[in-house]
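S.K.: Protein chains in written order, with this note's numbering: chain A, 1073 to 1522; chain S, 1073 to 1522; chain Y, 1073 to 1522; chain H, 1073 to 1522.
Simulated from the structure, these hints should not be mistaken for laboratory data. Quick caveat, the model's predicted, so the values are computed rather than measured. Hints may contain errors.
Pairs count within a copy or across copies, as identical chains cannot be separated in the list.
Stated by the list, open to error - Below, a list of computed lysine to aspartate or glutamate pairs in the EDC-like style, where the Cα atoms sit at most 20 Å apart: (1) Lys1476 x Glu1173; (2) Lys1476 x Glu1193; (3) Lys1476 x Glu1337; (4) Lys1154 x Glu1359; (5) Lys1154 x Glu1190; (6) Lys1154 x Asp1299; (7) Lys1476 x Asp1215.
There are 4 protein chains.
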Amino acid sequence: MTLTEQNARTHRDVPSRGVDHPDLVRRFLDVRESTDALTQNLEPEDFVVQSMDDVSPTKWHLAHTSWFWEAFVLSEWIRDYKPFHPTYHYLFNSYYVQAGERHCRAQRGYLSRPTVAEVQEYRRYVDSAVAELIARDPHGERDPALAQLVELGMNHEQQHQELILTDLKHVFSVNPLRPTYRERRAGNGSDATSAGNSTAAIPELRWVGFEGGLVHIGAAGSGFRFDNESPRHRRFLEPFEIADRLVTNGEFLEFIEDGGFRRAELWMSEGWAQRESQGWTEPFYWERRDGAWWSFTLSGMRPLVLGEPVCHLTWFEADAYARWAGGRLPREDEWEAAAETVPVEGNLVEAARFHPVRLASTEGGSGPVLRQMFGDVWEWTSSAYSPYPGYSTPEGVIGEYNGKFMCGQFVLRGGSCATPRTHIRPTYRNFFHPDAAWQFSGLRLARDPR
Amino acid sequence: MTLTEQNARTHRDVPSRGVDHPDLVRRFLDVRESTDALTQNLEPEDFVVQSMDDVSPTKWHLAHTSWFWEAFVLSEWIRDYKPFHPTYHYLFNSYYVQAGERHCRAQRGYLSRPTVAEVQEYRRYVDSAVAELIARDPHGERDPALAQLVELGMNHEQQHQELILTDLKHVFSVNPLRPTYRERRAGNGSDATSAGNSTAAIPELRWVGFEGGLVHIGAAGSGFRFDNESPRHRRFLEPFEIADRLVTNGEFLEFIEDGGFRRAELWMSEGWAQRESQGWTEPFYWERRDGAWWSFTLSGMRPLVLGEPVCHLTWFEADAYARWAGGRLPREDEWEAAAETVPVEGNLVEAARFHPVRLASTEGGSGPVLRQMFGDVWEWTSSAYSPYPGYSTPEGVIGEYNGKFMCGQFVLRGGSCATPRTHIRPTYRNFFHPDAAWQFSGLRLARDPR
Amino acid sequence: MTLTEQNARTHRDVPSRGVDHPDLVRRFLDVRESTDALTQNLEPEDFVVQSMDDVSPTKWHLAHTSWFWEAFVLSEWIRDYKPFHPTYHYLFNSYYVQAGERHCRAQRGYLSRPTVAEVQEYRRYVDSAVAELIARDPHGERDPALAQLVELGMNHEQQHQELILTDLKHVFSVNPLRPTYRERRAGNGSDATSAGNSTAAIPELRWVGFEGGLVHIGAAGSGFRFDNESPRHRRFLEPFEIADRLVTNGEFLEFIEDGGFRRAELWMSEGWAQRESQGWTEPFYWERRDGAWWSFTLSGMRPLVLGEPVCHLTWFEADAYARWAGGRLPREDEWEAAAETVPVEGNLVEAARFHPVRLASTEGGSGPVLRQMFGDVWEWTSSAYSPYPGYSTPEGVIGEYNGKFMCGQFVLRGGSCATPRTHIRPTYRNFFHPDAAWQFSGLRLARDPR
Amino acid sequence: MTLTEQNARTHRDVPSRGVDHPDLVRRFLDVRESTDALTQNLEPEDFVVQSMDDVSPTKWHLAHTSWFWEAFVLSEWIRDYKPFHPTYHYLFNSYYVQAGERHCRAQRGYLSRPTVAEVQEYRRYVDSAVAELIARDPHGERDPALAQLVELGMNHEQQHQELILTDLKHVFSVNPLRPTYRERRAGNGSDATSAGNSTAAIPELRWVGFEGGLVHIGAAGSGFRFDNESPRHRRFLEPFEIADRLVTNGEFLEFIEDGGFRRAELWMSEGWAQRESQGWTEPFYWERRDGAWWSFTLSGMRPLVLGEPVCHLTWFEADAYARWAGGRLPREDEWEAAAETVPVEGNLVEAARFHPVRLASTEGGSGPVLRQMFGDVWEWTSSAYSPYPGYSTPEGVIGEYNGKFMCGQFVLRGGSCATPRTHIRPTYRNFFHPDAAWQFSGLRLARDPR
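Based on the sequences and whatever the hints tell you, model everything.
M.R.: In structure tokens:
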């Protein structure tokens, strides 16, 4: 398939998620309820803990997302809006400097109050106010800007849904009791491939070739997108090949056994320095017990399943693996061009697995087909997170949403097993620092044609 | 009064708290219940937070004190004792290296599990086992060593009762919502002297003189004492004078207003370095709002009451204040010699004020009388915490209780408003690092005779 | 001018600095002597100091560049080569992990020995051996690989010539005595514009437009280039405009006076965090004394000359300035496309000014012309330092030269007043972390066409 | 010998080193010349390096001691005294806060200027001025305060003589070339006992008993003493025993081989924490090479000599060793009471060995005799460095000399192989933090009578 064909597909396939959808109230409440649903089995104590600076307590996520609605929607659109509590503006602003002073990020775990019950009351208060506000103009006819902000607020809430899961995973992982977030469901994808038959072959990696040339990158159409996906613009790509599936635990284990964590020549200089100072010898959440590998999951400790996609890699590890394997990480424009050729489907949060799953055996077919492009794990790319040509930050406080982070981070693509289906798309750009590993992050190989 | 007379009084006044007391079971259960009583108004979330490394979560205190009984009593005296949970030994050992690996102190706030309810169940399990064990030998006749350990366990528990209060105070203080631990009681000592009439004169400081000479220092008699109070031994004291009351907030405010926090010549070199790097400009928990001084208490924020004893001082601050005031801190042997001349009574935890109180006006009388020697605030001394001549650590793991901390810390005397009455005595040696301020710590002046 | 025209010029203008130049010995010795010439007025004590981790002592630079010849040339090409000293391989390896253990970078200032005289003897030893080796095959006919390595060694040496100057500037700057490296020459460019007439107008900034389109980026031809300039490849550029001159001190001062260092919305999030933690309020080496601005130079403290290019900016500051000014930093491909339209000339190290100079008044002419593209200050670009498509690291130890740093840094272009003329070219990619300011680093604005 | 006898001896034995000695000029110049003599074989580069925060460059010591004379003598006693250089007051003030702003201690190694030659010129300038000043009143008749300050200045200079040696030892030790400060002299005490015969028996440790009782501690008489040795006062000592010699390398090696560095129960809690974080496994300057122990000395690397006193111990190590050996460190009053029974003689700096020496075999004699009390190594005591009863700091800036360090440090007694003979006495109190090891610090055991 040529990239020109791929680009042509874009306009057909992206669903029209227009901001003037008639059931905006319903969609709003659905998103809010989805957040709460993720926390329903927790104990009050579980909502409080911040196990490292990057992690926020579940309680904080519940409150911060509510603050977002108060600060950017309710306070702007409702005359004399009365905030739920005068101090919450200070407590639950994350990083919006222009919105005023805020509580120190590293101290979110020091707050025993407000209690979980109080935060839930806060959420209901905000839900009512927003729903009522939207209902006044259900078709976004009077004020498209409001409808756009509601879309942004829902997407923001979905980002925190994913963070609730990854942060809880970290909180539980540092507890020697190793609590379980959700029991593994009988019959889900991984079950059939658990330790017992984990050595069953998974499909051999095959390469999908692209001709490159002049392509369009970035979001088009009228659906919601974050500012960092714009503007759509042209790029010239050299020909490239990309793997038809994700790298697996088994493959990553070969890298380890071949001395991957001991060979400096495979690593970026800063990655090697961190590896040495932090003592990395295997991926985050892996543990060696009596000669066998285990990994911590949201369903507790499990023997490592070799066929599952490798997960919780830093960019440094993904990059070193790719070099070892004779390939490289894809650039984000290559990934996007490739992703536009396949449907947006996969092991996303709705599957309620909360863990990447082993690829089923190859269906019969003539040539290689891109699989696992969406869901399972975010795929590290080799692209530093930078503004697109012509990018400009939105006016006002909301301009701090994405633009000010375009430095020192790398782009990830494709969503994970913790990402909502309505949240992901080919043009979506996630970004983390190269030493971050607590997200569901893995990799897919790319290479230059031989 | 001569010191010889003072020493003579010792043997009359120290109550005989023998270890073979018939109601040991009752006393044991009382101590345990007192711990729980301190936590009864808390929310589950309040039990989880560790707001700095020195602070432990309330939940941890509840569990650690139970572990102490398991590790030092139940596991030793009950054949085939079955611990409540296999991992708790690892989670709730504080610092006993010889007892095996333990959870990192700085990460006690990362544990959402066990839940509060589970920890309370753990306490009941331990209570039953210990009570049953004691009941087998209620008079300590068969095994004095057991009775001694039970006494140690109760005193250990009392130490953690005080820490529960000081740690919760810190947890609440860093929360911008400034929660209240316990509403201030109507009619308690401080109420009558609250902000409104806080300028009412408090008694002028007067000096009580002691002749010095050869005195006995350290615990005597058969009552319980910690190892660090032994052995009783002789010291030669030069003549000294000691203030009849504690230094007040009002007096400390004069120090501040006279530039006390800006004049390096008043400070120890290390204290000054810390003052500069930490930006100390007033005592811990003091806050300046719109030109007025407030302080955080277990009953929330209150206007500073000038007549109350100054509290939450570091040793560095107490030492600098004393130098500024033309005096010095008492040495611990001077303090002890003086304290043995007065009864052990004062504003202790049983008063349920959880805060130092203003001194009532001087009763009519001929000469100055030592007051506030016990309760209100721990009094910093100028004495580094060192072993007494002839001191030796107990055999075994319990030997780590006190001895290994005899380096880099200073001795405090007299107990505070968070100390149980049965826990304090003239020979009691508390100790903290010179930069610690989260305890109820203040000072009393001493000086050489003019 | 269209970019097609620009690309066409490339092949005309790049001098053919072939590796088989007949006078390679002479060029080698010239480069080596140039290094020594930079240090001839120093005291022995000046060679020893490392004033921060990024800085190396002059003595170390002299020795390390000699080690480079030993490790990569002499040891490889001379059978039984006897190194000058057995420990120098350990002491003077900079970062080549595959070359074996090496001395800790942060401790280069802890070495009083070898003395300066011993290091100079080391240099002579190496000079003789390399010159003799080259002389055996002066035209590179027998072994082109040797000639290529000699070119690399000379370019490496030139990089350290620049570092000797920037590092000494830092060493002298932290000394309250503020020593002078070299007295300012009478009659050099800056003298005529010193403080007295520093307010004389400099040419108004004008924009030079480029049409963009498909261009070639990267080094072509047979001259020396670093691996990171390869391979030459195509890129699609949107139309852009680029300023005809550098940003000046006077313009940067307006940014400061407009609150540029107090307005978070102008900064990248990480830049703002560093600004706050480090207390940045003006560029590195600027000082405010009695209401006037001064800056430290290699000729000592001087009143700030408003018309000179602003220098010693971090990337964060350059980026914030550009945002404030309504523009942006150029991308590196834009800069390169523009630079290929002008000759490689400017205020480089041969001018011996060791400081950027004020632009002369605009010569009469019809339209704007790009000036100051080479020399004066390295120009920060908005491009993260990444490998070009098709880039691969060289085989062996020398592969660590550039590739392992392609993460977390930004590209600078154009050379500075400390760069040798034969070292710079339009395709040259320098790179530093975004918080580095001790290099001669400034900026030129770019923008999207209006 | 009873302590009463010992105390009686004090007044006979302390030489009368009155401040009004007629040859004060000569003594002053001698002290100054001794400082320079220690540096005469160094290269200029050796004077510059600061290899850790605690270490100062030799050049700094030479300049700081000169500043001391300028700041405390010349500026006070000479009207219109013109300092040598206006900036030196800022550069070379060590820690006298009241004397004004000063250069950061940790950055003393960042100063390449003034050069060594300039500093030596500074010294001569100060020498002349002080000598001339003293000569005006050679007998201290007109102004005893001046003569007292000159004595203080000479003692201060002597302290820095010792530091020049210990600091250079550290500077050389971190250099992989391991330079030699001074070749080992043929025929000095250690030579006869070098590696070859290092296993020859040294005298078995014997205990010297003291009855204790009421003793006088602190300096008496009219000779010079530091303020921290005053006032002389009474103490009551329990009976004690003290070893007749220092602990040796061989004995310390037994401690290591018995797991001394792996057994937490032998250590203070803070010492153990440091041991773990710093990875201590043997004394500072010891190194294990191919199964044999070596140590770094001012004469370079040498095989460990088992019979030599163990040296460069931290207090934590000395304390742990003593506990392992079944003894304890002496208290400083015990040490002083014992030291007053023996003459002040030993391996001091005048012997020019710069290293502790092996004890000669026991001379025939009836009972044990205290040996090695002075010189060889400073002896750690168990006493925290605190003010004596009645201590008061001198008025003015000079009051910062000692008093402000009386917190967090431990007392050492007896001088070392780097201490001048006229500088040491039984009452002399040296003090360092418990983790300091770069001084010549060892230990002598004490114990309670059995």
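S.K.: Can you give me the call for Lys1476 and Glu1173, within, between, both or neither, at a CA distance of at most 20 Å?
M.R.: within (18 Å within a copy, 40 Å between copies)
S.K.: First find the shortest C-alpha distance between Lys1476 and Asp1215 inside one copy, then the shortest across copies, and answer within, between, both or neither for a cut-off of 20 Å.
M.R.: neither (28 Å within a copy, 51 Å between copies)
S.K.: How do Lys1154 and Glu1359 come out at 20 Å by Cα distance, when the copy is not named: within, between, both, or neither?
M.R.: Neither way: Lys1154 and Glu1359 sit 50 Å apart in one copy and 29 Å across, limit 20 Å.
S.K.: When no copy is named, should Lys1476 and Glu1193 be tagged within, between, both, or neither for a Cα gap of at most 20 Å?
M.R.: Classified as neither; 33 Å inside a copy, 49 Å across copies.
S.K.: Have a look at Lys1476 and Glu1337 and pick one of within, between, both or neither, based on CA distance no larger than 20 Å.
M.R.: Between copies only: 8 Å across chains, 33 Å inside a chain, cut-off 20 Å.
S.K.: What label fits Lys1154 with Asp1299 when the C-alpha limit is 20 Å: within, between, both, or neither?
M.R.: For Lys1154 and Asp1299, the Cα distance exceeds 20 Å both inside one copy (30 Å) and across copies (60 Å).
S.K.: Which holds for Lys1154 with Glu1190 at a C-alpha limit of 20 Å: within a copy, between copies, both or neither?
M.R.: within (17 Å within a copy, 40 Å between copies)
Checked against the numbered hints given earlier, this structure breaks hints 2, 4, 6 and 7; the rest are met.
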